[in-house]
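Chains as they are written, first to last, in this note's numbering: chain A, 4 to 308; chain B, 9 to 194.
It is worth saying that the hints were derived from the structure and are not from the lab.
Residues of chain B placed beyond 12 Å of chain A at every Cβ, according to the derived structure:
(1) Thr51
(2) Thr54
(3) Leu93
If we take Cβ atoms under 8 Å as the criterion, some of the chain A residues that face chain B in the derived model are:
(4) Glu120
(5) Gln121
(6) Tyr134
Since the model is a prediction, treat every value here as computed from it, not as a measurement.
Built from N, CA and C at the ideal position, the CB exists for glycine as well.
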Amino acid sequence: MQRQRLFKRVTAKVMLLAVTVSAFSSMSFSQTPFEDAVKQLNSDLVKGYLQPFINSASANINAGHYSTAQIADMGFTLRLQVVGSGTIIGDAEKTYTATPPEPFTQNPVETATVFGEQGASVSHPAGMTYYFQNGQIKASIFPSVVPQLTVGNLFGTQAVVRYASIPEFHDFPRSTLFGIGAQHSISRYLPDVPVDLAVGIYYNNFSVGDFIESRAMCYGAHVSKSFSIITAYGGLQYQTASMDVNYTYTGQGSTPNSTISLQLESEVNVVATIGLDFNLGILHINGDANFGKVTALSGGIGFGI
Amino acid sequence: MHHAFVRWFLSLSALCAPLLLASCELATNPLLFDGSPLIANFTVNTTGNSFSGSNTINLNNVVSGIELDVDSVSVINVSIIIDSLSGGTLASTTISGTGSIDGHTLVTLSGVALSTFSSERSIFDPSLSAAGVTYGSDGISYVNNMLEHPESLPSSTSIAVSGTASQSGLHFKAHIKLYTQVFTHP
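Build out the structure end to end from the sequences listed, making use of the hints.
Rendered as structure tokens:
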């Protein structure tokens, strides 16, 4: 009985972890607070309100694909990991500049993003006050987690696959994440270089309900050096992410069924990575930091060879 | 053995939770909504040059469709549209009069052409003051005072218009729209 209770508790924690995969895009129209906050925003405001969220989500989804540049030319690699990422939410991610709607004075004000505190307010001589939407996510680190499978090696190449299909869970609608990529050894062409070199390309797609669909690509150059069971690794990558947001705007001035369709681009493009990997036989543990417009930390625990 | 491995893997995964979920809280601040606009419609059909009418709105409809607990509501805009001119009513016809809510003046018009409101315009538009439109702070205060207590809003609030025109034989429709912002409990 105690073992069953422990398993249930652990499973609940993992479910909570799994939910965070969709937490950064839980914007389907099943009325989560996140959705409610967004649907009040016209297209001019939603970009500023959500941009830090998109930056953080893309930084998370583009992190954690590799933990070494050492790839044997031929051999068998099969590794299952849980990869967690978290973007540090600083002050810059908490505010943006917005213009109030008419009839309020059209002077830009600094107000809260989705990660911010309370929204700004502007007053009108007639005794009216307009309040911008409040922040809805209070986080010092914005997290996500995803399972990842690495397979190889074929001519110095390994493939990486990510997949998570999360059923509707409390306030979060059904979410699906799929990612695929490959890492190819450059050291096989430059065997005299004292460090391991590789390049990688990765694609990720995730969708939540009918509200959001996002696509991310990253292209990277990787380097690593192993010292016994410890591998120091790093890289430089160029990444893009776009997020299609579709919702029915119900704010002031809207007409029935006025749909807003936007494509929002992540501002996180060039990222430098530095990390450490611990190879403990079939257990692999790694952690890295990814520096770009935002800073994302990622770590993985995996099993395999 | 298989179950033990799965449980061990899940346990290790769960160890990440405290790190990944550090200081991450959702829905920490009250949500703001734009309330459903309330519209009072008036149809003017008269052979003379004066008009008047009264309509009722239900302030409770402001929070319709909002499932969260409402803390308060406030007015953020009032607009007017005058359309459906017919029967020889000219767009250049000017009108003078008032729009009020439960007797408290919302807007005063002094020689305002019907065409001024051929498209929806806020009564607070500063460019309208030169056209003879003056908003009524008394009416705004009155509505805001009622909306501060959304739990006890009246189901029937009177919107009235009255005035005279520069032309006899008036045939048009006027619509007064009330926009609000709704504050919910966190």
